[in-house]
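Trainee: Below, each chain spelled out in residue letters.
Protein chains: 4
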Amino acid sequence: MSFQNPVFIPGPTNIPEVLRKACDMPTIDHRSPLFGSILHPARDGVRQVLKSKNAEVYIFPSTGTGGWETAITNTLSPGDGVLVARNGMFSHRWIDMCQRHDLDVQIVEVPWGSGIPAERYGEILKADSAHRIKAVLATHNETATGVKSDIAAIRAAMDQANHPALLMVDGVSSIGSMDFQFDGWGVDVAVTGSQKGFMLTAGLAIVGFSPKAHAMTASAKLHRTFFDIRDMDKGYANSAFPYTPPVGLMNGLKTACDMLLAEGLDNVFARHTRIATGVRAAADAWGMPLCAASSDVQSDTVSAICTPDGFDATKIVTHAADRYGVAFGVGLGDVSGKVFRIGHLGSLTDVMTLSGLATAEMVMADLGLPIQLGSGVAAAQEHYRATPAQAQKDAA
Amino acid sequence: MSFQNPVFIPGPTNIPEVLRKACDMPTIDHRSPLFGSILHPARDGVRQVLKSKNAEVYIFPSTGTGGWETAITNTLSPGDGVLVARNGMFSHRWIDMCQRHDLDVQIVEVPWGSGIPAERYGEILKADSAHRIKAVLATHNETATGVKSDIAAIRAAMDQANHPALLMVDGVSSIGSMDFQFDGWGVDVAVTGSQKGFMLTAGLAIVGFSPKAHAMTASAKLHRTFFDIRDMDKGYANSAFPYTPPVGLMNGLKTACDMLLAEGLDNVFARHTRIATGVRAAADAWGMPLCAASSDVQSDTVSAICTPDGFDATKIVTHAADRYGVAFGVGLGDVSGKVFRIGHLGSLTDVMTLSGLATAEMVMADLGLPIQLGSGVAAAQEHYRATPAQAQKDAA
Amino acid sequence: MSFQNPVFIPGPTNIPEVLRKACDMPTIDHRSPLFGSILHPARDGVRQVLKSKNAEVYIFPSTGTGGWETAITNTLSPGDGVLVARNGMFSHRWIDMCQRHDLDVQIVEVPWGSGIPAERYGEILKADSAHRIKAVLATHNETATGVKSDIAAIRAAMDQANHPALLMVDGVSSIGSMDFQFDGWGVDVAVTGSQKGFMLTAGLAIVGFSPKAHAMTASAKLHRTFFDIRDMDKGYANSAFPYTPPVGLMNGLKTACDMLLAEGLDNVFARHTRIATGVRAAADAWGMPLCAASSDVQSDTVSAICTPDGFDATKIVTHAADRYGVAFGVGLGDVSGKVFRIGHLGSLTDVMTLSGLATAEMVMADLGLPIQLGSGVAAAQEHYRATPAQAQKDAA
Amino acid sequence: MSFQNPVFIPGPTNIPEVLRKACDMPTIDHRSPLFGSILHPARDGVRQVLKSKNAEVYIFPSTGTGGWETAITNTLSPGDGVLVARNGMFSHRWIDMCQRHDLDVQIVEVPWGSGIPAERYGEILKADSAHRIKAVLATHNETATGVKSDIAAIRAAMDQANHPALLMVDGVSSIGSMDFQFDGWGVDVAVTGSQKGFMLTAGLAIVGFSPKAHAMTASAKLHRTFFDIRDMDKGYANSAFPYTPPVGLMNGLKTACDMLLAEGLDNVFARHTRIATGVRAAADAWGMPLCAASSDVQSDTVSAICTPDGFDATKIVTHAADRYGVAFGVGLGDVSGKVFRIGHLGSLTDVMTLSGLATAEMVMADLGLPIQLGSGVAAAQEHYRATPAQAQKDAA
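Chains as they are written, first to last, in the UniProt record's numbering: chain A, 1 to 396; chain B, 1 to 396; chain C, 1 to 396; chain D, 1 to 396.
Think of the hints as simulated: they come from the structure by calculation, not from any bench.
If you're wondering where the values come from, they're calculated on a predicted model, not measured in any experiment.
Hints may be right or wrong, so weigh each one.
Copies of the same chain are indistinguishable here, so a pair counts whether it falls within one copy or spans any two.
[Claimed, not checked] Under the rule of at most 25 Å between Cα atoms (straight-line distance), these lysine to aspartate or glutamate pairs were calculated in the DMTMM-like manner:
no., residue 1, residue 2
1, 53, 258
2, 234, 102
3, 234, 119
4, 234, 334
5, 234, 312
6, 221, 102
7, 126, 258
8, 221, 231
9, 212, 179
10, 221, 96
So that you can see chain A by itself, here it is in the shape it has in the complex (with noise of 0.2 Å):
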């Protein structure tokens, strides 16, 4: 038999009812003018969920991956200089990739759990007065460690260093559930997903770029068909793809902003901290530090929560899945066995997120931890009886 608890992994979210209906739609003809008022809308309202008035938005058949890809190929050239912190798996995994395409890549090795230290990015791009550094990357929330960066204080280093290279950020865990402001820090290419903050399945890889990285295109020399933009410019100039493209994901794009546009922005941001805030207070009840070095990184899409030293973290989420069928995040990396993951973001209500805590309470507790049932339970109970929700009602 069937039955249906929540999921806690850091991205696919729940999915809402209504954006699963919006996904499942019979076949319709993409080159037809109906493909036209998905794909416009859809664009148009990541770029307003980018906070943003002018960049292109993009939108491929791939995942957020493809969308480093995509901001990589269409802008540098083999033997570009790029500028990039690693401090967790995923931006581990952007820095492979740069690697792979035969980039000069100048990486800043971060402890796992810290942010990206704006002002050594500062003191870098001075001393480059050559400008050989032609894009600085940065992830704006680390999914491995629920680590958020101030994406803010490395435009204000470029631009203290006057320095032209691109800004990139990887918002794929942040973009649609933290603040996040594609024109108002200056970022020049920014990628997502479908899976995170637009609560859809994996299935689409969500790239802005300004009119200055668009500008490069023209110029960048690695090799690209399938990510290429100016074949996407091509195609949306006739409401098209350049290929055949997923409608029904993409008319779930299209509803998932108007639903975060219809709460609005703010409240969508408001509503991950007070959930994020309740995970924090029961981790704190049950004594166990955050991966986040400090309160100002905490990410409030996903918590790493570090287990005793000598403790396998990865039982946890083994057990949690085997015992009582609910998914956690393992660690990855570096803090592989050291922290899991609690994921809270897009479609989740403090009443769900009650059910993963008591779960995991009671994981700890039969793997051996010395944890009290309840406590963590009560802890965020508090905050969230203290900080009332607009209830959700709606249910189709």
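Could you slot chains B, C and D onto chain A? The hints should help.
Mentor: Positioned in the frame of chain A, the structure of chains B, C and D alone reads:
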């Protein structure tokens, strides 16, 4: 924006994915053989869920109320005697229906919270030497009070009195969730609906007739057409209905039976007992008594929890809905304002249940009741940890 | 492998995407205000579809047959006189129901294929100076024969006879597809279901009562509980049902009304006339007469087509299903084996209709009837070309 | 109001109910074993559909275009020689991709409407004694012209020339609908997508690699990360993806393979031939030639039909959409305005096809072409009558 908390009403239950999909069918010709491949397995499946070999199962586009009407109009005539206990709102309503059909209803008044007194039934039946009483009615599980009654004991009392009346049982909120033995208990008519143990939407009355009960339809004088089992018999013989059947919902019923029987009925019942025991442990931790007067009558599908004198229990339900988007059940009739109800039947996991208990705690604390947050959750967690369920991972 | 041809039965119709999705709802609390936001618009919508200002609309988890029972049991008492014409299987069944409820039924026998003779009703009513007849019954559209009757003429005959009987109309296969004027024709009780003009699955009886009919429920002596409109009145006043409502299906009904009213009822009717005219042109091209005796009684929702003497028309339906996976309707009762029926109501386009006609041609040719392939299709094509419909591109 | 005609574009196809439901999944943890129970059967199923024992199957969140890019970037290095014929828009696009990736592309220009000249390939390969050509590309079924090519003959020509180049085949609009023999024809890389023979929405690139092709990924110098099969290999070994997989769509792919294999591949191909033959009979009856130059190259998945000189074929597609809500395909590239295309692949019955043909007739007559209504329909009906299909009645 719409999010989706589980419901904690005593039916309709949360609907499993597979059942929603089974119901959501494109149109087929209900006069084609394809319909027979839904109808016959659905009836066979219900028969097995009833633990019967010979019951004739009837399925109407209706509800449990229509099932009650099916039971009496196909077997009785105006003026016939009926013996029935009133110990909650649903037994009250069946009584009212009998009176409106000009039956001669002998009512055994029972305190709400108590079960049906089999011995009192026995006395009355013994006294009815003229066999004026044609049917003995019993509500197996009073949804209004969370009280189950001992149907086997009633049958024993009838047998001891050597009384030929039919035994008609309302199993709306027990069948498919709690042990029910149509043949074993000598039930003549069993009534249920689609939206409880079968985990579907409301819309079907499901009624089983023993051969003895079935034989009475020929002489029963109460008017009936829509609910006439003779028309159904003719229809079923042709793999059809006497009118247009709700094909998708019946396909859902067929699939629900497949699910229940694949899990094993005793496993299904044990699962309900486990979930219910956790809820009762929480109520106990809160220091709040159940409406059910003693542990032997506590229902495994719904718990009616008494609030302190002077407190309006209905406010819990209203506040939970308005503030947290969670649905509990109000008290009905004699216990209106005195209890609130937590439904725990059908498609529900331990994890989901904990979110309901956590919500109830927040609500009661918000309303000033002296509840220690996390206390009921912890009591339930203990029980769920100690009694591992098979994790339910099959999503669709 | 499963493929999906449209159905051509006279209900249930093909279901539009939006209605399937409207019905497929997660569980909500049917006692919460959310249910009122479905119930009231659904009732209001039906009232508008009935073209009534004052009708009280009742919605039961049932079918049109339950609607008939609602009509008679809420207004009549055993022994009351009823005047009704028999001109098809569905009028026959309503007559049977009246007889089984001990009403005194005066039957006007009419050849199957003809409409109700209003003048004959008038004569009988004039002769009934004692007003023994309490209700005049009329089947607006005989689904078995594809014959519509003139309800306005019946009302005129009643008025001319100055007879106070109620006018009860079975509009099951007309309401929502063909013009129906509850107020304009002085209808007292109108009966329909969810699976025809409303394009949903079967599962709802939908009944409108005039104030005059409504007033009779107080004195009506026929037994009723499930179908008692007094219980419904009390429920509706609290935005609730007297029992558990089929929430998803009612949400579908609300949405169906929205669709019909947004299209405009007269446009809906014109659309049905256009599709039906194409089907009739095809039958004419085949040289096969309709069961409907004259053009003024031809139904716009179903065509019963007469096959040559000595040919078993039922074989067409069987062969179409077995060989081509297409569902037509068989002849019923007096016209069994003499006609086959093409349903053309609800969610159906000209394009879909052509596939039904093409299938009928193949089937008839396969069975040896002298049909020129493409001839009926061509006749329908001519009509559809000459009468452009608004193309329907909205997929979901 | 929304109604639903089938689409007649050459993909995406109409989607079977079961596949829509298989795709519409609630969120699961894509790092849990549950995902492996989707991934592995999906890959195995594709391998069987390819008629291969040893092909490594890769599935990307992408489209056929991404599949092309997967094929070349994992096997080739800048400057490598590629031999390819251009006989339609899709071969043209693959050529363009190769050129943009700095491959040395030798193009065999072929009239649009003809197949690939295997003997010309043979001559060129024989002349390439230095084996500068690393890959031979072939479009099995040109979707733009409705032309299939003889892949076995190309393999024979390669073998005769004793040339070691890889044979890469675009089977986007053939695989799963027309015979395709990965092993039998010595294919090294086969490319397809989810939205054609697999009857799903667009969103997956599906690529098979022979051991020989697979071995080349180690030395291939073209940049790649998203499409790198080495990352996929590592992921698959852990029942995972290197990034977030589109779980629902992959579940759809698994189910689609189950459907195709249960029906039997040869039955699937015969079904497509039957449907296609009816379409060709209709075109013949209209007196309109196919773009395909001879009967041996006529595709069984799409027919490009030539309109008379001076007539703009695109108007047929526009008018069909605007007036009848039916989607056909326009001519592309060299045959733009000269042909319109009827897609007839995937989930399509004879009955649905007839509605497309009937629509095409109305459209052409509306636009002044000298078409006799019903003539093409009749020709197709004759073929469908003479070649009975197994009726498809399983609705869900």
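Trainee: If a hint holds in the structure, say so; if it does not, say that too.
Mentor: Going through the hints against the structure:
no., hint, verdict
1, 53 with 258, "within (17 Å within a copy, 36 Å between copies)"
2, 234 with 102, "between (28 Å within a copy, 22 Å between copies)"
3, 234 with 119, "neither (40 Å within a copy, 37 Å between copies)"
4, 234 with 334, "between (43 Å within a copy, 19 Å between copies)"
5, 234 with 312, "between (52 Å within a copy, 23 Å between copies)"
6, 221 with 102, "both (11 Å within a copy, 11 Å between copies)"
7, 126 with 258, "neither (42 Å within a copy, 60 Å between copies)"
8, 221 with 231, "both (15 Å within a copy, 24 Å between copies)"
9, 212 with 179, "within (23 Å within a copy, 49 Å between copies)"
10, 221 with 96, "both (19 Å within a copy, 16 Å between copies)"
The structure fails to meet hints 3, 7 from the earlier list, while all remaining hints are met.
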